[in-house]
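Make a model of the complete structure from these sequences and hints.
If you read the sequence shown in numbering that gives the first Met the number 0, its first letter stands for residue 0, the second for the next number, and so on.
Worth double-checking, as some hints may not be accurate.
List time: in silico DSS-like cross-link candidates among lysine-lysine, alpha-carbon distance up to 25 Å [what the hints assert, rightly or not]:
1) K356 - K310
2) K91 - K112
3) K276 - K216
4) K488 - K518
5) K472 - K435
6) K472 - K520
7) K118 - K94
8) K482 - K520
9) K276 - K356
10) K435 - K518
11) K536 - K482
12) K488 - K435
13) K520 - K488
14) K482 - K472
15) K91 - K118
16) K112 - K94
17) K164 - K207
18) K164 - K94
19) K310 - K276
20) K536 - K488
21) K216 - K310
22) K472 - K426
23) K118 - K164
24) K472 - K518
25) K482 - K518
26) K91 - K164
27) K435 - K482
If you anchor each label on the Cβ, the simulated ranges turn out as follows [stated by the list, open to error]:
28) Q422 - N531: 30 to 40 Å
29) E228 - R354: 31 to 41 Å
30) K536 - K207: 57 to 67 Å
31) S266 - E122: 44 to 54 Å
32) K118 - K207: 26 to 36 Å
33) K356 - K488: 37 to 47 Å
34) K207 - A376: 35 to 45 Å
35) Q422 - H224: 52 to 62 Å
36) K482 - E258: 51 to 61 Å
37) D306 - E430: 26 to 36 Å
It is worth saying that the hints were derived from the structure and are not from the lab. Owing to the predicted nature of the structure, the values given are computational and were not obtained by experimental measurement. In this text, a Cβ means the ideal position worked out from N, Cα and C, and glycines have one as well.
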Amino acid sequence: MTTVALPSSTHVCLRLASIQADIQVAELQVLSLLERETLSQHLEFLRLYGDDTEAEDQILESLNGILLALTEDKQRSFGLLRESGIFLTLAKILKGNPQCAVKAAQVLSEIAKNDEMKKPCIEADLVLTLIPLLESTDQEMLLYAGRAIGRICYDNRDLQEQLVKVGVIASLVRILTDYAESEPLVHVDLLALCNLADLDTAKEALSKTNIAEQLVKQLRRAENHERLEIVFEVLQALAENDALKVQLVEAGVQEVLSEILLRLQGSSQAEDTCIVKAASDLIVSLLLGDGNCGRMVQLGVIHQLLDLLEKHVESEDISVQHAALSALRNLTIPVVNKVQMLEEGVAERINALLRSKMPPAQFKLLETLRMLADGQADAAEILGQDPTLLNRLVQWCNPNDHTGVHGEANRLLASILRHNRSQEVVKAIQEAQGVKHLVSMTTSEHTAMQNEALNALAIASAIDLETLEDSFKESQLVQSLHKLLQDDKTTPEVKYNSMALLCSLLNSGDLRQEIEEDKIKETLEELCSHSNPNVVKEAVTTLQVLRGETPH
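Here it is as structure tokens:
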């Protein structure tokens, strides 16, 4: 008798599992077919009756059906939607059926999430259909219409320009003003502004609104990093426009930025660091260009920047210091600002900040003081009679680890003498032992620094040569000048300024003797045949002074 082998329990279990899986697949296929059929029925109903105002309940039911289908299977639903021509139907509902328009806008906002669906939306003129809905007082309508417009127009410059042209900016600002407390609406509105703010036409339109006031308000009430980042992105784009810069400052943006920076000071979280950098960059952007600097000073920005610096001067986070100092430097460029800043005691406040131990901050502060003193005798006199500052400068004039601070300290010392007209300042710099550093500066590898030192020493010599005489001899100024005149690599301007300084030194008997003993006369005679006419002219003049003749 033949024995029949029975299947093992394992084989039975595997077979049952396979059957169950097949059943589930079949069920899903059936379900998918049913869902597809249901969606097709909704689309067909809307195509036939979408503009029938008496079928509102059924229209809403079909629109909800589309939303459900999009939630369950986006890709298959998008395929049916493209084939159905639903877009023209949605346009009719938006225009002619107020009771169903909100739901239609919601459907559109979901459809527009897919890049491939944007084209049929554009072809059906849905953007222009949606724009009037931004004047609605229904917050749901504003939310969905705003989302739909934003998604359809994202990364499409032509459409964005069209939006601005038809007045969308005024609508966006109105929404931000009227619904400032509505988080969803504000979010959609800010994203829209973010997408449009790079357009010059949008900036121009925004400059005629109260957008600055509204953005400052949103910046102040922002409670999370995402909201702050969006607002900063809009502000950074708007800060490229001169009119909007002034409006932002008038609205107090710098005060809010200062509060944010102080709140996040010392935080090591990456998100906080990004916000600090964004705030710092915005401060710099607001102060770029001369056009608004005068207005900024009048609005008191300078003291707000100094307040910010004073609170961060001991901090190791230099991003805030760098931003505030860069902004401060920009403010010192216009001459009219220098005068007002001096009258308001800005030089003294900057000087006090030099206690900072951070070389980058020291460098920027010294640069700012130098620019403030440029062409301003009053500033040079104030700075040149401050023993604490002079001692700091002399200390930094010595070679140190930070060449930028070393160079800027020398340049500020030279600037004080160049723009000074006071004997007291010359004596103060002499007592601080700063003269030897200026003599060393005449041999700098930077031509600009050489000329600054030569001019400073010439002016100081004209004011009080007797006070400087011993320092000049100790630092071998005459010998340094002779080498500059002999060196073929010395630029014509440096040669010219070296001879101008020599003319001043000849008023001293001791220095005249050094000049004669160093046989500079022979070098001057050679320079009378130099290729540069200005050098030749100054060589002739210096020889005449050396011989005791009257220059002519």
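Discussion item. I'd like to know which numbered hints this structure contradicts. Please list them from smallest to largest.
Written reply: Violated hints: none at all, because every hint is consistent with the structure.
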